[in-house]
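Undergrad: Below, each chain spelled out in residue letters.
Protein chains: 2
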Amino acid sequence: MKTEYVPPEWAFEFHGHRCPFLPIGYRMGKLAMEYLKVEREKDHGFFVFPECGEGHPQICFIDGIQVITGVTYGKSLMEKTYYGKLAAIFFHPKKGAVRYSLKPEFIDAFGKFEFFAYRKKGIEPSQVPQKAADEVINWVYEQTDDFMFKVEAKPDFKFSPVKGSFNKAKCSICGEYVFERYLRTKDGKPVCIPCSEY
Amino acid sequence: MKTEYVPPEWAFEFHGHRCPFLPIGYRMGKLAMEYLKVEREKDHGFFVFPECGEGHPQICFIDGIQVITGVTYGKSLMEKTYYGKLAAIFFHPKKGAVRYSLKPEFIDAFGKFEFFAYRKKGIEPSQVPQKAADEVINWVYEQTDDFMFKVEAKPDFKFSPVKGSFNKAKCSICGEYVFERYLRTKDGKPVCIPCSEY
Chain A
1 MKTEYVPPEW
11 AFEFHGHRCP
21 FLPIGYRMGK
31 LAMEYLKVER
41 EKDHGFFVFP
51 ECGEGHPQIC
61 FIDGIQVITG
71 VTYGKSLMEK
81 TYYGKLAAIF
91 FHPKKGAVRY
101 SLKPEFIDAF
111 GKFEFFAYRK
121 KGIEPSQVPQ
131 KAADEVINWV
141 YEQTDDFMFK
151 VEAKPDFKFS
161 PVKGSFNKAK
171 CSICGEYVFE
181 RYLRTKDGKP
191 VCIPCSEY
Chain B
199 MKTEYVPPEW
209 AFEFHGHRCP
219 FLPIGYRMGK
229 LAMEYLKVER
239 EKDHGFFVFP
249 ECGEGHPQIC
259 FIDGIQVITG
269 VTYGKSLMEK
279 TYYGKLAAIF
289 FHPKKGAVRY
299 SLKPEFIDAF
309 GKFEFFAYRK
319 KGIEPSQVPQ
329 KAADEVINWV
339 YEQTDDFMFK
349 VEAKPDFKFS
359 PVKGSFNKAK
369 CSICGEYVFE
379 RYLRTKDGKP
389 VCIPCSEY
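If you read the sequences in order, they're chains A and B.
End of the first sequence = 198 in the numbering used here, gap-free, step of one.
End of the second sequence = 396 in the numbering used here, gap-free, step of one.
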């Protein structure tokens, strides 16, 4: 078992349940950071674009990525692409970009575990018997990086975060503060988007 | 100091730096859960819509919400509305919805702390002297809920998560798995969105 790929206990507490995708995302993020030679992000300089969408399972790996990389949704460093794929692009302006995806062979082998039989029956992850969850989690820890991940350098990947501003003003209708980028105008007065009804 | 509003140490580790917005989001989430009478979300039944956007500061409260509520981006339970506001709607299908926003008076008082003078000079949160960060964090812990938050019941709020499916197929061009919702067709064959070039 590759202990360096075992997330800290608080990662499962954060995520809310014990599933195999949290450790997969943790490992994907760790490998991508090593590939790009970047440290865990304390502030706002590293970006991840998970290629997942909505209405499909197995996206829990995104929380594993948040945990290991420090690239969090709350710091505006992460945005899904809505491609419905189990992959992510990791981008650091000074270090470049790399894409990690789960190989189809891994996904096929993985999908045979009992854990997924429960999930397909509509049983939520926290209600799957612990033994079934641990079985697949432990199996994942034993797989090689090469069996699990396709790795692609993305030298042409481009992304520029929008220019930030601290400026804000009050909406003339609801009185709440709005950051300038999102301020709209109605009847000549500054308003927020909901009050604008645009 | 209201110790029940102090996030666990791992919350700051997750977030990457020590700023006042992580505890604000933690507190906002805790109050919203009490208001709606919901428990921390283990699986996929509780949703939060932060009204923040991009290119503006102070959105770190979203990570505090992820930490306390279990409503995480990696479980597809959270989506920003891009209104540029320091607010969030909390929604549970069986319990209803409530909106919490920071009051302008609180934002004004808060904005006078030295922490923000550093931030406006472009200094990243992890580089702000610890003393300045602790000063504003401790001040926030001492404020009343009423001074900080406007609370609005949202009885008419509607949201239906999309219907989920485990079905997937391989893209006929790149060979990667795609969940069905995101599968497209090109020259009569199933393809992923990037390969479709649509």
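Since the hints were derived computationally from the structure, they do not count as laboratory data.
Take the hints with a grain of salt, since some may be wrong.
As the list claims (entries may be wrong) - With a Cα cut of at most 30 Å, we get these calculated DSSO-like pairs of lysine-lysine:
(1) A:Lys94 <-> B:Lys319
(2) A:Lys131 <-> A:Lys103
(3) A:Lys131 <-> A:Lys95
(4) A:Lys95 <-> B:Lys361
What the hints assert, rightly or not - Across the chosen pairs, the derived CB separations fall in these ranges:
(5) A:Ser160 <-> B:Gln328: 51 to 57 Å
(6) B:Gly373 <-> A:Ala153: 14 to 20 Å
(7) A:Phe166 <-> B:Glu277: 39 to 45 Å
(8) B:Pro327 <-> A:Lys131: 48 to 54 Å
(9) B:Glu277 <-> A:Tyr198: 29 to 35 Å
(10) A:Glu34 <-> B:Ser370: 28 to 34 Å
(11) B:Glu202 <-> A:Pro93: 35 to 41 Å
(12) A:Thr144 <-> B:Ala315: 32 to 38 Å
(13) A:Trp139 <-> B:Glu378: 35 to 41 Å
(14) A:Glu79 <-> B:Lys310: 41 to 47 Å
Using N, Cα and C, we set each Cβ at its ideal position, and we do this for glycine too.
Undergrad: Hint by hint, say whether it matches the structure.
TA: Here is what the structure says about each hint:
no. : hint                              : in the structure
1   : A:Lys94 <-> B:Lys319              : 22 Å, holds
2   : A:Lys131 <-> A:Lys103             : 25 Å, holds
3   : A:Lys131 <-> A:Lys95              : 41 Å, violated
4   : A:Lys95 <-> B:Lys361              : 39 Å, violated
5   : A:Ser160 <-> B:Gln328: 51 to 57 Å : 32 Å, violated
6   : B:Gly373 <-> A:Ala153: 14 to 20 Å : 18 Å, holds
7   : A:Phe166 <-> B:Glu277: 39 to 45 Å : 24 Å, violated
8   : B:Pro327 <-> A:Lys131: 48 to 54 Å : 50 Å, holds
9   : B:Glu277 <-> A:Tyr198: 29 to 35 Å : 19 Å, violated
10  : A:Glu34 <-> B:Ser370: 28 to 34 Å  : 33 Å, holds
11  : B:Glu202 <-> A:Pro93: 35 to 41 Å  : 40 Å, holds
12  : A:Thr144 <-> B:Ala315: 32 to 38 Å : 50 Å, violated
13  : A:Trp139 <-> B:Glu378: 35 to 41 Å : 26 Å, violated
14  : A:Glu79 <-> B:Lys310: 41 to 47 Å  : 33 Å, violated
Hint violations for this structure: numbers 3, 4, 5, 7, 9, 12, 13 and 14, all remaining hints satisfied.
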